[in-house]
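Chemist: Work the whole structure out from these sequences, hints included.
Residues per chain, in single letters:
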Amino acid sequence: MPSDRFRAKNENSRKVFLVTFLPPTIWLILFLLAPILIIIVYSFSQKVGLINIEVNWVSDNYWRAADPIYLKIFAKSFYIAGITTFLCLVISFPVALAITKIRQDWKLIILVLLMLPFWINLLIRTYALIAVLRTRGFLNSGFEWIAAHLGLRFEPIQFLYNDTAIIIGLVYIHLPFMILPIYAGLEGFDETLKQAAEDLGSSSMQVYRHIVFPLIRPSIFAGCMLVFIPALGSYLTPELLGGTDGQLIANVIERQFKHANDWPFGAALSMVLIYVTCGVIAAWLLVAKRKES
Amino acid sequence: MTTFKNKRFSRRGFLAGTGMLAAGISLPSSLLKASGSSTLNFYNWDTYIGETTLSDFKSSSGIDVKMDLFSDNDELFGKLRAGNPGYDLIVPSSDFVERMIIADMLSPLDDNAIPNRVNVEPTFLDVGFDPGRRYSLPYMWGTMGIGYRKSKVDGTPDSWKWLLDSSKYRGKIALLSEAGDVLGAAFKYMGHPLNTTDPKIITQAEQLLIKQKPNIKVFAPDNGQDLLLSGEVDLAMEWNGDILQVMEEDPDISYVVPKEGSVVWEDALAIPKGAPNPQNAHKFINFLLGAEAGAAIAEFIQYATPNVAAKKLMPEEYKNNPAIFPSDTTLKSCESSIYKGEEAVRLYDEAWTRVLAA
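Read top to bottom, the protein sequences are chains A and B.
As numbered in our numbering, the first sequence has no gaps in its residue numbers, which increase by one up to the final residue, 293.
As numbered in our numbering, the second sequence has no gaps in its residue numbers, which increase by one up to the final residue, 1358.
Because the hints were derived from the structure by calculation, they are not lab data.
Hints are supplied without guarantee of correctness; some may be wrong.
Lysine to aspartate or glutamate pairs mimicking EDC-like chemistry, simulated, CA-CA at most 20 Å apart [to be verified]:
id : chain 1 : residue 1 : chain 2 : residue 2
1  : A       : LYS47     : B       : GLU1342
2  : A       : LYS47     : B       : GLU1075
3  : B       : LYS1213   : A       : GLU11
4  : B       : LYS1273   : B       : GLU1051
5  : A       : LYS47     : B       : GLU1350
6  : A       : LYS258    : B       : ASP1165
Modeler: Printed below as a string of structure tokens:
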């Protein structure tokens, strides 16, 4: 009977669905949704004494987070993350394009080299960067050596402990997150489209502007998100490379959970960061959609 | 020999601490809930015990000590605030002892079970953060001060002025990065008590620091000694133990406690509430306060011991090292940090946020 067969098939696909989607769903509920819910509850709570937290659904923590001092730090975090994303994009596009052009057997090696730093702990890489950038670091020694050979006087450049150092650190860490999606987008790109445009008289600039960029926009968007969001919440890089005004919002949040011992306020700041990040992504998607239509 | 040298003094395991923060998790505790009565779970700072202390204790008492490590007081406090996961003995610093007493996280000590209490220097037996020493006994102590590069500094920079109120060493200064430490130094410089909670004075200290900011290179999260060693800065506000570490590597580096006074810190032995083996913890405290064990620890980690009997066994070069034991007049100007209440903690943090954002 056809209806029986249909039911059996349906039953089967339901099992497949459960087996494939249930574990990740449970995982996400337990380890993403539940913790965020706990943070939301904390953010509407109040600290009582040293270790107790009373859930009384007050919005005081959010009002406190709206103080200009914290807004300023939020703004700075966005600014730093924005510049990081922009620089990563500008550097990544030519690199990704170059990788698509090289011989197949070299490609693999280059891609492995790109991913190799992920095997090294972020902290170790940041310390390595300090060794490169500091006053008597490798970079300044290199410059000094060149200057000495040219017979010039050389004053070491202060690369470290300022906002530029934070941005250098963030770009260095996040670059692969931008290169890989853009490379994936370009690799799957249909070359005949380019040839068609060129045959019809487009300059190579025009080909990129009107054909390539619009078609790989999803890859660029993915890359930007993969860089922007972690850069916005970066903690270690500003802590170690930043100067006297190098604190970003994550550093303020960390202090609330540790030294300032104010979990509800730290939770409120974290939630504001999450809300604003979601808002930015939503706005970005909306703009992209309007452009398409 | 080099590995030995590098291993010492690293009580504040900065790298490990930040590494854990970087990963966003703390390492799973290696702790198995104490089984049987012949074990002891000890939660200590990194490299903060003698090389053979634990095995010596085992052979004298038959008790197996399992040691876990923490890298700062906040981590220790965080781990225990939701309930003791099974530790018998912990080593919080001065004001955190008081915090934990107030939060009802410590068990009172039974002095009768610790006959070696008599070895503790009398000045350590009554302290502000634990009056009458009901909950804790001192393990090691030290000071906060200025580490400096002798060849780059005029004379001895024995005043906070050079760090907090002068452009003489512009761009060559590193301060610590915790609100209480930096504000405390500013209070001492301005002639106020270390544990000031007066909002007006906190604001004055905040303004002093904002004014000084252009001259400061970095607020170093406890790695001022590395900055000093690598020539990045010439003056660093730091803990004496950290500077001692680099003094051993570079004879051009020295340490001074400013004449206005500073923080004298102490790490104390305490038993957290809910400890599975409190008797063993008492035995171990008594062992640590013994002459030989105390001397062996001091010999290895080179911090100042409050244990008179142990100090007697130590060589002159240790006892006379001013970076380990400051003079009595210097010590008189120093204060220990006490818990200032949640209101003050918040004032400190907000002032510090403004200093960093300015």
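Chemist: For each hint, tell me whether it holds in the structure or not.
Modeler: Structure-based check of all given hints:
1. A:LYS47 with B:GLU1342: It holds: about 9 Å lies between the C-alpha atoms, which stays within 20 Å.
2. A:LYS47 with B:GLU1075: holds, 19 Å
3. B:LYS1213 with A:GLU11: Given pair LYS1213 of chain B, GLU11 of chain A is violated - Cα atoms ~69 Å apart, limit 20 Å.
4. B:LYS1273 with B:GLU1051: Roughly 28 Å between the alpha carbons, so the hint for LYS1273 of chain B and GLU1051 of chain B is violated.
5. A:LYS47 with B:GLU1350: holds, 16 Å
6. A:LYS258 with B:ASP1165: Answer violated: LYS258 of chain A to ASP1165 of chain B is near 29 Å, above 20 Å.
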